[in-house]
Structure formats: C-alpha cells, structure tokens
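> Read off the chains here:
Protein chains: 2
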Amino acid sequence: MKLLCDRIRKDGQILPGNVLKVDGFVNHQIDVRLFSEMGRAFYQAYRDCGVNKILTIESSGIGIACFTAQFFDVPVVFAKKSRTSNIPDAVYAAPVHSYTHGNDYQATVATRLLGAKDRVLIIDDFLANGSALRGLCELCRQAGARVVGAGIVIEKAFQPGGRELRAEGLRIESLAVIESMDERGVTFAEESLR
Amino acid sequence: MKLLCDRIRKDGQILPGNVLKVDGFVNHQIDVRLFSEMGRAFYQAYRDCGVNKILTIESSGIGIACFTAQFFDVPVVFAKKSRTSNIPDAVYAAPVHSYTHGNDYQATVATRLLGAKDRVLIIDDFLANGSALRGLCELCRQAGARVVGAGIVIEKAFQPGGRELRAEGLRIESLAVIESMDERGVTFAEESLR
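First to last, the sequence lines map onto chains A and B.
All residue numbers for the first sequence refer to our numbering, where the first residue is 1 and numbers rise by one.
All residue numbers for the second sequence refer to our numbering, where the first residue is 1 and numbers rise by one.
Careful, some of the hints might be misleading.
[Stated by the list, open to error] Label-pair ranges, simulated between beta-carbon atoms:
1. Lys21(A) / Arg141(B): 21 to 29 Å
2. Gln44(B) / Pro95(A): 41 to 49 Å
3. Lys2(A) / Arg112(B): 20 to 28 Å
4. Gly50(B) / Leu3(A): 22 to 30 Å
5. Arg141(A) / Gly17(B): 30 to 38 Å
6. Glu138(B) / Gly144(A): 42 to 50 Å
Since the hints were derived computationally from the structure, they do not count as laboratory data.
Beta carbons: idealized from backbone N, C-alpha and C, even for Gly.
Work out the full structure: start from the sequences and follow the hints.
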C-alpha cells in the first residue's frame with residue numbers, strides 16, 4: 001500500500017535492533033484517515049471470504065481492527081494479555097512471547113465470544129516473529145473457529161514469522177512488507193509500493 | 001443514550017461489588033454499529049469546541065476513541081500504561097489507581113504527541129472513581145493542552161469521580177449514567193434514557 005509505505009518513509013524512525021518506530025501514526029497516535037484506508041484495503045482483500053468476526057490483540061491492534069470491522073460490518077473481539085497463567089475459567093488461552101518487551105504472556109478470549117460458527121479475520125499492526133499471530137490462530141483452533149486469513153499493517157519479512165505461517169497454510173495480507181532496513185532507510189517489497 | 005441503556009439492560013451482567021460486565025459489546029467484543037452511534041453522540045455534544053485531538057488510555061478506550069475521532073476527523077492519542085515509574089524520557093506521566101485491578105500504574109504520553117496547541121476531547125469507556133480521567137487531564141496539563149471536556153460511555157454516578165471532576169470545572173458528557181445497580185438491575189439517570 002503506497003500510501004502507508006510513503007508515510008513510513010516520511011515519519012517512521014529506525015532505531016537500533018531493527019526497531020521501526022511508527023508511534024506518530026500507528027501505535028500511539030492513530031491517523032484515522034490512514035487507518036480507514038487500511039481497513040478498506042483489508043476489506044478488498046477478504047470481502048468474499050464470509051468473514052463474520054475480526055480478532056485482534058490489545059492494545060495496538062484494536063484501532064486498525066475497528067476501522068477494518070466497519071467495512072465488514074462485523075464485531076471486533078480483542079484478545080487480552082494476561083501476565084500469569086492464573087486465568088479465570090471460560091477463556092481460551094494461548095502463550096505468546098513478546099520479542100519487543102522480552103516477556104511472555106497468555107492471550108485470552110472469553111469462550112462465549114468465539115465459536116465454531118465464526119469465520120475469523122485476524123488483524124494486527126506488526127508481524128515479525130509471528131508469536132502473537134500464532135497465538136491468535138491457536139485461540140481460534142481451540143474455539144473451533146475458521147481463520148480465513150490475517151491482515152497485517154507492517155510485516156518485517158526479514159524475520160521468520162510470515163514465511164513460517166504461510167508455509168503452514170495461513171493466508172496473510174500485509175500492507176507494507178519490509179524486506180530490509182538499516183540506518184539508511186527501509187526497503188519495501190515491490191508489491192507494497194503499488 | 002437510549003440505544004446504549006437498552007443494550008446494557010439486555011446484555012450487561014451485574015456481578016458482586018458493583019461490577020457491570022459489558023464485555024460482550026464494549027470492552028472485549030466491540031459492536032461497531034453501537035460504537036459508531038456513540039461516536040456520533042460525542043461529536044454532537046462537542047462539535048463546536050474546536051477539538052483537534054482525541055485522548056484516551058489503553059486498552060478499552062481505544063475503540064470508542066477511534067469511532068469518535070472519525071466524526072471529528074482528528075487523530076487519536078492513546079496513553080500507555082506503565083507499571084513502573086522507570087519510564088523513558090520525553091513522556092508526560094501521571095499516576096493512576098485502578099480500583100478494578102487493585103493496582104497503580106503510570107499513564108504516559110510521548111511529549112511530541114501532545115502540546116499547547118491541542119484542544120483535547122478525552123474519551124473513555126467507564127467513569128467511576130475518576131482516577132484514569134484525572135490522570136489524562138494531568139497529562140494535558142503537563143503538555144499545556146486545553147481539555148474541552150470528556151466523553152464517557154458508562155458513568156457510575158454512585159461513585160464520586162464524575163461529581164468531583166465536574167465540581168472542579170471539567171465538562172463531562174456520559175452516554176449512560178447509572179444511578180444505582182443491584183441484583184435486580186440497573187437504574188439509569190432520566191437523561192440517559194432519551
């Protein structure tokens with residue numbers, strides 16, 4: 001998505017350790033026009049898939065999930081992050097490792113909010129090692145829900161999550177695919193620039 | 001807002017300790033049509049106030065903030081919750097006590113995302129003791145930003161936050177004002193039912 005790639009080049013900051021900081025427009029301040037266009041792009045990709053629920057994880061997935069859900073006219077469920085395995089009954093739970101924060105947590109969804117009739121589109125802001133996305137897929141597996149695919153704002157293709165999950169059969173549509181980044185800037189995959 | 005009060009009566013659950021559980025449509029699963037109507041209601045209340053930024057706090061404020069921001073066509077900034085006072089430089093920070101979770105945290109916003117030119121509408125899902133709302137006001141004070149008011153989805157008027165903050169001069173518009181609740185149900189303030 002050219003609009004997004006241009007914005008990353010203009011306002012993104014590259015920090016040591018392959019950290020791309022986009023907090024001015026994605027995950028601390030939200031640009032609502034950009035998010036609406038991103039939601040529309042996910043809708044165009046998945047409009048014929050019978051999606052009846054959007055699943056994301058708190059906190060930074062919620063905004064883009066909401067904008068996407070408007071186009072589909074379906075509810076958003078956001079998984080919660082629980083730091084302990086001491087979670088109440090009646091939730092699905094899956095372990096997630098955060099490389100960004102260097103910790104582990106449980107992603108949980110109340111069992112009555114996800115079930116076998118659901119055709120789920122998973123939405124998240126970043127895909128790198130794929131731990132969160134894998135956890136969300138696992139929640140759907142526990143619920144008997146069908147995952148039709150994932151919509152990702154920014155994929156770091158030089159980290160293995162996207163490649164591994166696609167190899168396992170998951171459809172993933174990423175709006176900005178970063179092939180490499182260093183102090184000189186970001187190189188996007190060709191298809192992201194259209 | 002009658003639509004919201006009817007929904008609370010239909011799908012809300014009252015748990016011991018004055019807990020109103022609305023996770024099926026507000027703070028775990030999000031009903032996008034309801035949220036869009038709530039965003040419209042906040043816009044109608046504050047449309048003439050020159051709002052140029054929506055401020056909320058992660059996680060459950062983000063959805064309603066996004067829907068509200070679409071009507072105003074302004075960015076959303078969501079304050080982050082930090083469990084330690086060991087926070088990086090270049091943020092505004094204010095202490096918040098969570099009565100729900102029984103803990104304290106710092107609400108933080110990057111200094112470059114909030115400033116003296118901002119006219120801020122604060123949005124949140126619940127108002128009870130007012131600690132989060134007070135923290136968000138404090139972040140604006142530190143930034144020199146003007147708070148034009150707050151938009152709250154559900155206010156528990158039998159807890160002191162709303163009364164105290166209004167007495168200090170803050171304008172607060174709440175869509176569902178609960179005067180009392182017990183095992184028999186919820187009593188809304190008269191004006192919420194229109």
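> Decide, hint by hint, whether the structure agrees.
Here's how the hints hold up against the structure:
1. Lys21(A) / Arg141(B): 21 to 29 Å: Between Lys21(A) and Arg141(B), where Cβ atoms are some 26 Å apart, the hint holds.
2. Gln44(B) / Pro95(A): 41 to 49 Å: holds, 44 Å
3. Lys2(A) / Arg112(B): 20 to 28 Å: holds, 26 Å
4. Gly50(B) / Leu3(A): 22 to 30 Å: 28 Å Cβ-Cβ, so the 22 to 30 Å window holds.
5. Arg141(A) / Gly17(B): 30 to 38 Å: Between Arg141(A) and Gly17(B), where Cβ atoms are some 34 Å apart, the hint holds.
6. Glu138(B) / Gly144(A): 42 to 50 Å: holds, 46 Å
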